[in-house]
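Take these sequences, add in the hints, and give me the full structure.
2 protein chains.
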Amino acid sequence: MKFTADRVSLLKVLTTVNVAIGQKSPTPAFLNFKITMSDEGLQVLGSDNDLTITSILPIKDGDKELITDYSTGSTLISAKYLIEIIRKLEGDKVTVEIIDEVIAQISDLKSNFKLNSMKSEEYPNLDLMIIGENVELKAEEFKKVISQTSFAASTKEIRLILTAINVKSENGIASFVATDSYRLAKKTANIEANDFETNIPVKTLVEVSKLIEDNDVTMYIASNKVVFKFGRTVIYSRVIAGDFPKTSRMIPTKYPYELKVNASKFIDAMARVSLLSVERERIVKLSMNDDNVEISSKSEQIGSANESIDLYEYSGGRFNISFNVDYVSDAIKATQSEDVILAFAGEMNAFKITAPGDDTLVQIITPVRSYY
Amino acid sequence: MKFTADRVSLLKVLTTVNVAIGQKSPTPAFLNFKITMSDEGLQVLGSDNDLTITSILPIKDGDKELITDYSTGSTLISAKYLIEIIRKLEGDKVTVEIIDEVIAQISDLKSNFKLNSMKSEEYPNLDLMIIGENVELKAEEFKKVISQTSFAASTKEIRLILTAINVKSENGIASFVATDSYRLAKKTANIEANDFETNIPVKTLVEVSKLIEDNDVTMYIASNKVVFKFGRTVIYSRVIAGDFPKTSRMIPTKYPYELKVNASKFIDAMARVSLLSVERERIVKLSMNDDNVEISSKSEQIGSANESIDLYEYSGGRFNISFNVDYVSDAIKATQSEDVILAFAGEMNAFKITAPGDDTLVQIITPVRSYY
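Same order as they appear, the protein sequences are chains E and G.
In terms of the working numbering, the first sequence opens at residue 1 and continues consecutively.
In terms of the working numbering, the second sequence opens at residue 1 and continues consecutively.
Just to be clear, a hint being listed does not mean it is correct.
Quick look at which bits of chain E chain G covers, simulated, 3 or more residues with Cβ under 8 Å [unchecked claim]: (1) 79 to 85; (2) 109 to 118; (3) 267 to 274; (4) 305 to 317.
One-sided excerpt, in silico: chain G residues whose CB lies under 7 Å from chain E [to be verified]: (5) I85; (6) K88; (7) K110; (8) S111; (9) N112; (10) F113; (11) K114; (12) R272; (13) L275; (14) G303; (15) S304; (16) A305; (17) N306.
Partial selection, computed: residues in chain G whose CB lies under 7 Å from chain E [what the hints assert, rightly or not]: (18) E84; (19) L115; (20) N116; (21) E307.
In case anyone wonders, no lab produced these hints; they're calculated from the structure.
Note that CB positions come from ideal geometry on N, CA and C, so glycine has one too.
So, in structure tokens, the structure goes:
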């Protein structure tokens, strides 16, 4: 196997595929790129067994030759070292050649590297079938859905199912739900697809949304996996088995107290007041009546803080509630709206954050008991 | 005590003084700013006992009123919280007022904080005398001296004396020497001062060089401390007791092999080749003869790399030496020169790095035994 490739284009392909490769693995072969040169182009594959990415560097892109002087073949090369070498080389073109079967020689006009490599037969067999219900999503739409929901998923693996986003298609409407059991984000979108339901690791969705750039994406949903296809890249991910919690119970139906505020001013005020909240808890109290809306915090050891909100619309009479500042800030930011509506059902009930006029995104947050 | 101050100017003074304040301290008072309002201005003091900084926010700076509506007095306020509050407030002016002796009320037009504070009598007594031999240094000169030597000092406290820069004045010439025993940086400068010798913690010198901005600095050297004065700020530091090692023995006198290279090209080539050096050791081999200069590395497990240097001047015949890439890169960067000269005494002798035509800075590095 041999090829001379445009260095920057090759680096881009390697960087994309490298997202699937871990820092360590019980299977050493998984620390390698599987590189296959054929007349269709250079295919690079990387995997940690849960997530697999393949991407192709074509021989020509329009008129531009990306690969020259090649002979077909396949090999495994250390992802960590190959990517560092290709990044640090200065030449426009780089030549990779397998010599003696297990040495990859990498060179430009200046530098010369001999990297110990492995035969491609040593790579584990992976299921690379593309099957299942498919849904097409525009790049912008996909990225927005993920950024508006992913932060609410759990980062703790104790309840593995909560590290997934529940994706459900029903009668042409898709819903994306994430919850860590203290808060919930639910986004809906119209789609053309048959009904399905799956739980996709939030990590996978975040990585896909970073990698797609301005490419529209097709998702293929099968029982035990999901495949994303965009440009010359295919991403295969396991899905998380088990039933996602019935989240509709978390969402109140009536909200007698409703506050509309400027999103960034409200976030800034919470950030200031929460400076004096007890450090690990980040809790503030919101006190509202018809004449005044105030955020306050209190810590025996440190002191107290309070700030009145300038611009607001409030209806519902005297009402107090305490909550975690970061949860509320995350939810407000996710609306991507200048103004937001906080709607409350009661002091110990979950409350809702939405953007005015947008019913596609609902954020639900559980309050905390107030200490003062 | 009460004052209303220009918020941004106050924040600058607090940020400067905060450099001396640690994250924790056996003496809780040291986690506070000592703030004293008098007719001379607002003095802020911070200390961790080893390093003490005082800075003054004057009542007026030229025509600009920086402090209004004040009453004199003194208090201790938590550095961590005060600096965060002043940073996050939005008003142009901020008012600080001591109420009930142990509560500091901090407010602008919007936000209101009550911070538990302490009486100023609870602050430990510090030696704030400014005495000793004094030396004046231009801002640029001081910053250059520190950046060219500080990296060579030890960061390990096992031999405390090596965490200092040895500063010596002899017959109108000052020398600044730092060494971690594997490498050494020595900078000399002409000064007007009596003879003295002291060992100043490198941490102090680095902090001072960050804080002086474009202010010239006066150093006062006494037996057990050093004081730096610039603008409206004074920095007091302990010095490190004990004798600095006699470093002149580390420096060879004859260099039969001499290589001149472009600094940045040589650094880039070392960075590439060292990608395949055994990870913790970062060692490369430099092989020179009259026709070729080459950098190479080799690791049994990973592979090998080599690169010829393009532009060089070499005299001395066939010669090989191995060294730590980071030590050589640091030393080359410190010269701030486009070209550098590496001069070698022998394969197992320390070697010298200098900039052509500049004899004020000498860098010495110990080689390592070559593995191949």
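Okay, the hints, checked on the actual structure:
1. 79 to 85: Check passed, 3 qualifying residues.
2. 109 to 118: Holds, because 7 residues of the stretch 109 to 118 of chain E bring their Cβ atoms closer than 8 Å to Cβ atoms of chain G.
3. 267 to 274: Answer holds; 5 residues pass the 8 Å Cβ test.
4. 305 to 317: The restraint on the stretch 305 to 317 of chain E holds, since 5 of its residues have a Cβ under 8 Å from chain G and three suffice.
5. I85: Where the cut-off is 7 Å and the nearest Cβ of chain E is about 6 Å from I85/G, the hint holds.
6. K88: Since the shortest Cβ distance to chain E is 5 Å, the answer is holds.
7. K110: holds (6 Å)
8. S111: With a closest approach of 4 Å, the S111/G hint holds.
9. N112: holds (5 Å)
10. F113: Cβ of F113/G sits 5 Å from chain E, so the hint holds.
11. K114: Status holds, d = 5 Å.
12. R272: holds (5 Å)
13. L275: holds (5 Å)
14. G303: holds (4 Å)
15. S304: Holds: closest Cβ of chain E sits about 5 Å from S304/G, inside 7 Å.
16. A305: holds (5 Å)
17. N306: holds (5 Å)
18. E84: holds (5 Å)
19. L115: Holds, about 4 Å.
20. N116: The hint holds - N116/G has a Cβ within 7 Å of chain E, the shortest such distance being about 5 Å.
21. E307: Hint holds; E307/G Cβ to chain E Cβ min 4 Å, cut 7 Å.
The structure shown violates none of the earlier numbered hints.
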